[in-house]
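Asks: Just so you know, the sequences run in chain order A and B.
First residue of the first sequence? That's 1 in the working numbering, and the numbers climb one at a time after it.
First residue of the second sequence? That's 227 in the working numbering, and the numbers climb one at a time after it.
Honestly, the hints are just simulated from the structure, not real lab data.
The structure presented is a predicted model; accordingly, all values stated were derived computationally and were not measured.
Treat the hints with care, since some could be wrong.
Quick list of simulated restraints, FRET-style, between CB atoms [claimed, not checked]:
#1 B:Phe503 - A:Phe190: 29 to 37 Å
#2 A:Ser215 - B:Ile236: 31 to 39 Å
#3 B:Ile504 - A:Leu77: 47 to 55 Å
#4 A:Ser215 - B:Phe249: 45 to 53 Å
#5 B:Phe336 - A:Ala119: 34 to 42 Å
#6 B:Gly271 - A:Asn173: 24 to 32 Å
#7 A:Tyr24 - B:Ser409: 48 to 56 Å
#8 A:Leu25 - B:Ile242: 31 to 39 Å
#9 B:Asp260 - A:Ala192: 39 to 47 Å
#10 B:Ile236 - A:Ala119: 20 to 28 Å
#11 B:Thr406 - A:Leu29: 49 to 57 Å
Where a beta carbon is used, it is the ideal one built from N, C-alpha and C, also for glycine.
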Amino acid sequence: MFKYFETTFLILLWCFIISILWAYLSYSLVIIKTRFDNKVMDRRGSSFASSFVAVPALVVSAILLVFFYKNFGINLLFPLHFFASKVQLIAIAFIPALVLTFSCGLLFGLVQSIKFEYAYWLSKPFAIVMLATGQNINFKLRRLILLKSLSQTWNQCLPWLFGELIVVESVFNAPGLGLDAWHLAKVRDFVALLEVIFWLVLLYIFCRLIAHTISSRVGLKLTGYL
Amino acid sequence: MKKESRIPLIRGLRFIFIIFFLFLAFVPWDRYFDAGVDLKTIGVGPSLQHLLGTDNLGRDLLVRLSSVLRDVIVPIWLTVLISSLAGIGIAIIVLLLSEENTAFKRVIDFLGHGFSFIASVPIGILVFLLAVYYEETGLRMVLVGLSVLLAIRSYLQVFDLYAEDKRLGYWLAHEAQGGTLFSRLIRYGLGMRWKESILLALVFHLQIAVTIESALSYLGFGIQEPQASFGNMLASHFDMYLKGDWGILLIILIVMGLTFQFPKNVAIIGKYLRRKFIFVK
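Between the sequences and the hints, there should be enough to build the whole structure, so can you do that?
Replies: Dropping the structure here:
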């Protein structure tokens with residue numbers, strides 16, 4: 001069971017890291033775009049972002065598998081756990097995590113949320129005062145906006161992320177809880193299946209609790225600004 | 227090209243996609259092309275005999291994909307539509323009943339917590355568990371799971387919208403003038419402010435239903451061969467496109483893309499036509 005738990009945890013950890021890196025990148029791009037256009041970005045593109053939730057992970061996974069194998073000779077399927085080194089396992093979990101973050105709408109949801117939050121907080125009196133006195137408002141807002149957008153988007157996308165987990169693990173042959181659940185369901189081993197689902201649900205609740213805690217802490221901080 | 231000048235072009239493309247989808251789904255292609263297994267024509271490319279080529283058993287892809295749209299996607303969409311509308315209807319009735327009866331309101335509040343819990347659990351996992359638990363493959367279990375879950379989501383959405391709007395000035399003014407809750411829900415809610423969000427949620431439900439069915443069929447718990455579905459078609463041709471036969475993957479993906487975008491395209495074009503021809507009059 002630990003082996004399965006480890007792979008799923010690795011994939012989720014990669015999802016978390018990808019989302020943080022993406023949030024930083026999006027924030028920087030939003031600032032650059034705002035400076036370049038000399039106006040705050042609007043909320044256009046929101047419907048575009050939400051439509052990506054419905055892109056099935058199995059489609060993205062299949063395309064990536066074929067693309068990498070044919071063009072670069074890289075096999076994205078998971079190596080046998082017994083023969084693979086730790087570094088290899090950590091590295092190979094990146095692509096399933098990327099597929100998951102893409103197909104559950106996390107990446108596009110983040111961009112949308114950061115755009116909206118930046119426009120919203122920049123119009124607040126304290127931000128205008130800071131701008132007028134020549135202080136670095138982008139630095140001040142960064143942590144706040146990133147935390148809020150990350151927790152909000154994770155809260156929204158978690159159910160889709162966990163829903164697609166089984167599919168992604170089975171396509172990439174990743175020996176995680178999802179793949180194990182699939183195998184156990186095929187052989188009708190309901191007791192073991194219940195155990196796996198229990199761990200999956202526990203992991204889901206844990207992720208949700210983290211997102212919720214961050215969200216409520218940011219909420220408290222925001223009341224200070226208001 | 228400026229953004230504004232691109233809008234008619236995109237609208238035109240959406241319209242073409244709608245027509246193309248309907249053409250693909252509702253023309254009886256099996257009358258014109260042989261749909262049976264033919265081992266001599268495995269993996270043949272597009273030709274006059276097989277407009278989109280053949281699959282790994284020599285069956286005509288156009289006929290297979292058309293049957294996916296007609297026999298799988300359309301029933302799923304109808305079920306989702308009916309269950310979402312039922313969820314909205316039940317929510318309206320419950321709101322009306324709970325206004326007058328406080329004991330009933332308490333029961334509904336209690337049930338609401340349970341529904342919220344169910345709605346927060348990943349739909350994909352729930353439908354997967356349902357299909358496994360009842361040990362039944364095919365479309366029926368997918369439809370049952372999706373209809374229950376999406377009805378609950380629609381029900382909760384109406385409750386959320388009501389909780390947001392009930393303290394609005396014109397709602398309170400209408401109440402103070404002796405207006406009924408029913409007329410407020412219909413006129414101000416469903417007829418005005420909620421329309422957009424409900425439509426968006428409906429489009430999302432239709433898209434997500436296709437995604438979940440495809441995923442389940444891919445895993446082998448949805449529709450089984452010889453009946454076709456996007457999921458089992460992708461799964462059964464996995465070795466073909468790993469060997470470099472991209473054609474079949476591309477064709478399935480294009481039709482899947484058309485299917486995902488169909489509800490959204492219909493909503494956007496419908497809104498445009500309504501604004502252009504009905505609203506102006």
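Asks: Is 34 to 42 Å a correct range for the gap between the Cβ atoms of Phe336 of chain B and Ala119 of chain A?
Replies: holds (40 Å)
Asks: Within 45 to 53 Å: is that where the Cβ-Cβ distance between Ser215 of chain A and Phe249 of chain B falls?
Replies: holds (47 Å)
Asks: Go ahead and decide if the range 20 to 28 Å is satisfied by the Cβ distance of Ile236 of chain B to Ala119 of chain A.
Replies: holds (24 Å)
Asks: Quick check on a hinted range of 49 to 57 Å for Thr406 of chain B and Leu29 of chain A, using CB atoms only.
Replies: holds (51 Å)
Asks: Take a look at whether the Cβ-Cβ distance between Ile504 of chain B and Leu77 of chain A falls inside 47 to 55 Å.
Replies: holds (54 Å)
Asks: State, for the Cβ atoms of Asp260 of chain B and Ala192 of chain A, whether the hinted interval 39 to 47 Å holds or is violated.
Replies: holds (45 Å)
Asks: Return holds or violated for the Cβ distance of Phe503 of chain B and Phe190 of chain A against the range 29 to 37 Å.
Replies: 56 Å Cβ-Cβ, so the 29 to 37 Å window is violated.
Asks: Given a hint of 31 to 39 Å, does the C-beta separation of Ser215 of chain A and Ile236 of chain B actually sit inside it?
Replies: Taking Cβ atoms as reference, Ser215 of chain A and Ile236 of chain B lie about 36 Å apart, which means the hint holds.
Asks: Falls inside 31 to 39 Å, the C-beta gap from Leu25 of chain A to Ile242 of chain B?
Replies: holds (35 Å)
Asks: Using the beta carbons of Gly271 of chain B and Asn173 of chain A, state whether their distance is inside 24 to 32 Å or not.
Replies: The hint (24 to 32 Å, Cβ to Cβ) holds, given that Gly271 of chain B and Asn173 of chain A are roughly 30 Å apart.
Asks: Does the Cβ-Cβ separation between Tyr24 of chain A and Ser409 of chain B fall within 48 to 56 Å?
Replies: holds (50 Å)
Violated hint for the displayed structure: number 1, the only one.
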